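Can you build the whole structure from these sequences, using the hints too?
Chains as they are written, first to last, in this note's numbering: chain A, 1 to 396; chain B, 1 to 572; chain C, 1 to 254.
Don't read these hints as lab results, they were simulated from the structure.
Check before you lean on any hint, since a few could be wrong.
With a straight-line cut-off of 20 angstroms between C-alpha atoms, the simulated SDA-like cross-links for lysine to any residue are [what the hints assert, rightly or not]:
#1 Lys202/A <-> Val110/A
#2 Lys122/C <-> Trp268/A
#3 Lys97/C <-> Ser111/B
#4 Lys12/C <-> Ala151/C
#5 Lys62/C <-> Trp557/B
#6 Lys122/C <-> Ser264/A
#7 Lys330/A <-> Ala455/B
#8 Lys122/C <-> Ala232/A
#9 Lys27/C <-> Leu233/C
#10 Lys122/C <-> Arg234/A
#11 Lys122/C <-> Leu231/A
#12 Lys152/B <-> Ile141/B
#13 Lys110/B <-> Asp129/B
#14 Lys62/C <-> Gly31/A
#15 Lys202/A <-> Arg108/A
#16 Lys62/C <-> Ser253/A
#17 Lys110/B <-> Leu93/B
Here are the computed distance ranges between Cβ atoms for each label pair [as the list claims (entries may be wrong)]:
#18 Val548/B <-> Asn188/A: 55 to 65 angstroms
#19 Ala147/A <-> Asn237/B: 32 to 42 angstroms
#20 Arg4/A <-> Gln96/C: 49 to 59 angstroms
#21 Ala347/A <-> Leu435/B: 32 to 42 angstroms
#22 Val548/B <-> Gln96/C: 48 to 58 angstroms
#23 Phe26/C <-> Val548/B: 36 to 46 angstroms
#24 Ser163/A <-> Asn48/C: 25 to 35 angstroms
#25 Thr129/C <-> Gly335/A: 16 to 26 angstroms
#26 Leu142/A <-> Ala151/C: 40 to 50 angstroms
#27 Val232/C <-> Leu435/B: 40 to 50 angstroms
#28 Leu435/B <-> Glu204/C: 30 to 40 angstroms
#29 Glu173/C <-> Arg7/A: 33 to 43 angstroms
None of these values were measured; they are calculated from a predicted model.
C-beta: ideal position from N, C-alpha, C; glycine also.
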Amino acid sequence: MLTRVVRVGRRLWTAWDADRGGTVLLVLLAGVAIAVPALNQLAPASSALHLSTYSLSLIGKYLCYAMLALALDLVWGYGGILSLGHAAFFALGGYAMGMYLMRQIGSRGVYGDPILPDFMVFLNWQKLPWFWVGFNHFWFALLVIAALPALLALLFGWFAFRSRVTGVYFSIMTQALSYALMLAFFRNDMGFGGNNGFTDFKDILGFDLHEDGTRVMLVVVTAAALAASYLACRAIVGSRAGRLFRAIRDAESRARFLGYRVESYKLWVFVFSAVLAGIAGALYVPQVGIINPGEFAPINSIEAVIWVAVGGRGTLFGAAAGAVLVNYAKTYFTGALPELWLYALGALFVLVTLFLPRGLVGLGASRRRAVQAGAAAPVIWALGSHVGVSLGSKLK
Amino acid sequence: MLGTELQVERRRLLDRTERSGRRARPNGALWLPSLLLALVVFAPHALAQSRDEEFLAVLGELGDASFLDKEHIVERLSRSGHPSTRAVLTAFLEDRLYVRAKDRKIVIVKSMDDGVAPFDLVDPVSLQDAGSGARDEVTRIGTNNRLRKLLKTTVARFDLSSPDPAVKLAAVQEMLRDLDQASIALLGGRAGVETDAAVKEEIETGLALAALDGGDPRARLDAVATLARRLRPQVRNRLAGVLEKGADGNFVEPDEKVRQAAAAAVRRIDRSRALYAGVETLFFGLSVGSVLVLVAIGLAITFGVMGVINMAHGELMMLGAYTTYVVQLAMPRHIGLSILVAIPAAFLVAGLAGVIVERTIIRFLYGRPLETLLATFGVSLVLQQSVRSLFSANNRSVETPPWMSGTLQLNDALAITFNRLYIVIFTLIVFAILLVVLKRTRLGLDIRAVSQNRAMAQAMGIRTGWVDAMTFGLGSGIAGIAGVALSQFTNVGPNLGQAYIIDSFMVVVFGGVGNLWGTLVGGMSMGVVNQLLEPYAGAVLAKIFVLVALILFIQRWPRGLFPQTGRAAESQ
Amino acid sequence: MIRPPDLPSPGKILTLDDVTVSFDGFKALDGLTLSVDRGELRCIIGPNGAGKTTMMDVVTGKTRPDHGSAWFAEDVDLLALSEPEIAQAGIGRKFQKPTVFESLTVFENLELAIWGDKSFWKDLVARLTRAERRHIDDILDVTGLTTERAALAGTLSHGQKQWLEIGMLLMQEPELLLVDEPVAGMTPDETHRTAELLLSLAAEHSLIVVEHDMDFVRSIARRVTVLHEGRVLADGDMGRVQNDPLVVEVYLGA
Ligand SMILES: Nc1ncnc2c1ncn2[C@@H]1O[C@H](COP(=O)(O)OP(=O)(O)O)[C@@H](O)[C@H]1O
Ligand SMILES: [Mg+2]
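Right under this line is the structure:
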């Protein structure tokens, strides 16, 4: 029994030691999953601790962005593949979810058509287009949420990686891709609501989206999804495939001459990353209550890049933290000093690239290294590990 | 969304130029009075006076004449030889001839509208302003169909004998719109004496159109032969009418030969029109392509030569466009000149901005293109917001100088708007200058040296820092110049740059990075393809097609149309 | 795969026949014909720009020749294979400029070089076996990088990177090793050890070594081929080549 406890404790310790940032992230997410329901549902509305509906949707939004950042960091931070098309994957996932939510409205729309969403009635459409069929089922929507970004990433990536489109070319192409998609979704006759996109959602799986209870659940689900994505990304990065993915960034030709078909490594990670982005988008839509073609805008992709850069590329938890931090700043600025936000964001881009190439995590790491370089640090370190080890052996 | 805006803007622009084109065409109604006015000033004074009196007297009779009387009066007036005759008759035709109740004097009303404000009056003899009159103080001199026909013919006859070919041409064209016996007779009389080729051709067209209705098959055949060489839709439709069957099931045209000739003529006209339509599409495409080349060519330098992904390129163009706006504010009386001043000004403003960005940010990032992408994107946000703070978020209106509006009507099937023509020429000039700078100057040599081997260039005493700043400044300055051109085509607002940045990159990548000729060919062909697709797919879809086609193209040929070869290219 | 019609004498590990590569009209290889026996250690020398690296590019699939043919072990048509396929077939290459995965540790570098079936899905769940670990340890030992096993490859010295790259080649267990300027940037001692290593390999493997350092070449060479302007200028044992007047003129100097 005791040895069992010790063994688990040891394993926990090694896990913590191997990935402190990630562990902090997971603990924080667990905290969110516990605190958010408590503060919203249990704290009385009058108390200072009460979490408002507005805060709920903000937290949900940040978590979705963190997931997008995670997805981007996986390909950029580890593989050096700067995708400026992740906003498109995010938006595609969001649209798939939006289609489900639109069908859920049923006859409660303004025009009261039991099948056709309002905008179709408005455009005088008689029949549901074929690509809307099936979206009345949640499972179908889930399938599409993952499959659509995956398919696009597979197609695009297959061509691009095979022809060795790399570096900035890849960035420019992905940017053009999401731009083209944006133009397409703006068109009314595409069947996705044109300019206005989808909004006025009523409920999801029968739960009223205007209820705090539903929103709390969404936040909890998002936190869980983020935690799961984190673990999945960490598993990939820690695998031999992940190491090769990093290796490709350093010396692609070396990897080739070792006998690796590097395209397929890039492709699968890219596809996985696109799926994550799509899921993030799907979770985002019910929480913010709208999806429109603006989500495809290239600037969204680039903004996501800066979240990752601020947090620290190549550190998964850093990317997630960066997304939350930058977006918190954005919420604050656009509320308090709207004119200053773009200046601040612009300055952030410049300063981070010039002075913080490894982001805030890098800053923390070099600070720690600096401390370690000091005389006291190794001693403390040694003492600490000694205590740890002896404690471990005593308990055994 | 940006693209859509762009297309809408392009549409609007087209409309604008077409409208102004029409405006710019000579207008007989206004033109002639001023000419005649000049004649009046120089005419012998005494003679003029007696003639004035006589004219006024005849005119005065209009006050209470019957329609038949009015016809006689019109004929007498037309023989009077008085310089104001045409203006008076035109006013009569346009229902602007009135009689004033209090003194029975005839007056011309300057313009007709539905308001209640008093009319501005013009004296029919001197054609000078004659104060104003309340609407109930004057009575219109009525016309009927017959009278209007007579007036039309009479005015046309006046114009036909004008010394100015443009006036004559306009008159004939006006007559062709609605041919009647009188005007056919008039044209017939004029055909023999007319010397101006264009007018003569127009008269022949009219006579041939009339002859198609004549009884003589030979004359009809000749008419068809004449008309076959015309391009106007009216002529084509008239010839097509010859081939139709009447209500009784028989051909309208009884003569088989004439019908065959007409069918051949219709085919010929259709072919020519299709050809010219193709030429027009090509030209439109080239002009759209010129805009693309212009916006991309600065990037071809910063990206192609220096390897910097300058996301602020669009905002440098925006600076150029705003410079144009400011220059126009500074010289509101010289809009025509303002553009010419704005070009160097925009080059300096954007170029300076570029140098500052290069010295403070980019120089620390050489060899790390993805980082330059992020940093310059930050710069673009700051520039956008500065412009918003300085000039507000609303679009500013930049005026088009008069010499840039108007249309060059090459023939009935092909018209070229001047602004499109100028943009093509302008782009080629900028391109040529750039080529010369890069190939023939010391700076160009240094730029190429640094881009090929930085370390070696440095070792040979080239101040690479200075060259970098100048290169980036050059690329940025050209972006500024592109901004001047864009200010003539699209809304000048803080988002101007964003609308073009993706296009610019696509042009450079498509053409082949590091190759100016590639940018030229790439931009032009993108413009033409876009224009070819537009009629079938619509503007937005055409754009999407072009983007997707480019994405596919790059997958197949990752280094563009004109790839750079060698190890330098591979290490990039 | 079809065997070449005029079958060369058996036991050839590599056969290049009339290989021509041109860049914008400039012929980097000009009808190069060359063959290497199984188990041979062949040195290739020649002035800068002679086409030595380009020859390796052709063999490893990086550059496709305009015409000519390249056969590996007499029955593998190299021109029909991609780079990874060629590597899998048993050709390993060390670049002129040391190329290792700088952000991975030395150990991880070697791990990725393990010979075997390589696919994303397998590598997602792959675990090092005990035998593989021992193999890596051996290679670390051979290349003298044992103490650096946990260091990031990017922090190694130039010579150590060369060694690491050679170590990766060994992990790959290729039949034919192409080694481009292995001792550039090495200390005399390291150079000496490299020579020993290459010599020890020559028994089981076939090697093609490109090198400028004539002392080094002399210390390992059995047979030397001199390339010049994309073709073979001279061929034979070291002594003969060294005294070839043409070689002296274009390469060795008087
Ligand atoms: N990708 C390339 N593009 C253009 N020229 C090349 C390329 N690769 C090699 N060359 C040229 O081919 C010639 C042979 O180069 P290389 O094989 O590297 O010579 P070596 O390795 O013998 O010094 C050189 O002149 C070099 O400039
Ligand atoms: Mg070489």
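Numbered hints the structure breaks, given as an ascending list: 3, 4, 7, 14, 18, 19, 22, 25 and 28
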